[in-house]
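Participant: Here is what each chain is made of, one letter per residue.
Protein chains: 2
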Amino acid sequence: MSTLLTHDGKVASGLIISTDELDDLYGPREVEPFTPPPTGIDNLGITSSDSFHVPGLGSFTIEFKGYVRVARSTPTAPDWTNAEVYTRLIEMCMIGTAAGVGKVIVTLNPDYLSTGQLRTPFEDLGKTRPEKACRMAVGALFRAPQLSRTLFNKEPIELTIDNVCAIPPAGNPGVGRIYRNLPLYDLADPDGPIAAYLTGLNFAMGVYLTEKELTELRAAGERAPVH
Amino acid sequence: MSTLLTHDGKVASGLIISTDELDDLYGPREVEPFTPPPTGIDNLGITSSDSFHVPGLGSFTIEFKGYVRVARSTPTAPDWTNAEVYTRLIEMCMIGTAAGVGKVIVTLNPDYLSTGQLRTPFEDLGKTRPEKACRMAVGALFRAPQLSRTLFNKEPIELTIDNVCAIPPAGNPGVGRIYRNLPLYDLADPDGPIAAYLTGLNFAMGVYLTEKELTELRAAGERAPVH
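In order, the protein sequences belong to chains A and B. Numbering of the first sequence is given in the working numbering, commencing with residue 1 and proceeding in unit increments. Numbering of the second sequence is given in the working numbering, commencing with residue 228 and proceeding in unit increments.
Keep in mind the hints are simulated off the structure, nothing from the lab. Be aware that one or more of the hints could be misleading.
[To be verified] What follows is a list of derived Cβ distance ranges for each label pair: (1) B:E358 <-> A:D23: 49 to 57 Å; (2) A:D23 <-> B:T442: 56 to 64 Å; (3) B:F287 <-> A:T210: 45 to 53 Å; (4) A:I16 <-> B:H234: 39 to 47 Å; (5) B:E358 <-> A:A98: 24 to 32 Å.
We put the CB at the ideal spot given by N, CA and C, even for glycine.
Extracted from the complex, chain A is given alone in its bound form (with noise of 0.2 Å):
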């Protein structure tokens, strides 16, 4: 048995969470600031403005807007100094667009689990309200329908967030911590030359989503040309 897989096949980059008994939550919902929550789907807006290299093609930058599903798990201790919560993207949908290139549509890779944590960092464990670090690895599709091409990384892309006061961190700006270039490959040829690269990604979580406004970024996604 693989160390690297889930059991149905997947590549795992973290703790693999049960969503089964887990409710979804929609906005409009507050969120109590230095407090370990309760466990749950959390559905939210986001955008990200990420850069790309395209040998032969040049350098661009596509602004996305959309949706995450997180679940979380139970935190694991009960004051916000000691509590870790580990988080697995269930669900995404961003779409962006630009010139020459057309719609981009940004969803999960579903051959990767992706997972993330919230915790204390080390150095601030003897604080009582510090703020928290948040981190997760990503595998992703970046389908482009004009260029009839789906791209996906290999190497987890890192999403990171800091100063984190509340869980989720809705609002928050966070980074993709990239190194140059993450090398980015062809859907319809996996094991072929890289296609492309990820140069840079900044991004912001939103708020609560309502269950109407999550079903309509959704539909919105779901109607985007798939060639």
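Chain A is fixed; fit chain B onto it per the hints.
Facilitator: Quick look at chain B alone, frame taken from chain A:
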């Protein structure tokens, strides 16, 4: 078929390089600077200073010393500026010691295909003798016989080397691009909780080893206690 696995079920971090027809390259050996090198398997020394945090045990740093064997592809172009070289770490053994932890032996996780790339940064493609940048995604096993534990990472450890003027970049310092804390898991309970964190990594590539030196370092790794 998963987008993220090789045909034999390893998790692939990048391009697969066949090692079937590659010659082993040993020292003493001169490397021509700013010149795309002939393909082969580099047998190189390596040192690494790795910092860990183990909840309940604290933080410590271990100085490792050992070897790597790196398969290199044929450069994609005959000129230095445009040549890309793909790499695969096919063997590694580093040994270090820490007070209270004892000997720690670092090897490759056989479930992970640790691969990388050397290329000219996009902004330097107009230069005639640019310094290249090297990156490699590594899946490792950290075996601590005195603690009867072997730890491993699920998210790859991303090793980077900048200012590369020769391939291989013998003597260059490198950095593990770890943001705050990379979770490590217990090989005996791979789906279980996070066991420790890798919090920092600074390494330096050594020069070509002679075949005798490689054999001795490999034997030292094989002599190291298992439990």
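Participant: State for each hint whether it applies.
Facilitator: Do the hints match the structure? See the list:
| no. | hint | verdict |
| --- | --- | --- |
| 1 | B:E358 <-> A:D23: 49 to 57 Å | 53 Å, holds |
| 2 | A:D23 <-> B:T442: 56 to 64 Å | 60 Å, holds |
| 3 | B:F287 <-> A:T210: 45 to 53 Å | 49 Å, holds |
| 4 | A:I16 <-> B:H234: 39 to 47 Å | 25 Å, violated |
| 5 | B:E358 <-> A:A98: 24 to 32 Å | 30 Å, holds |
Of the hints listed earlier, the one the structure fails to meet is number 4.
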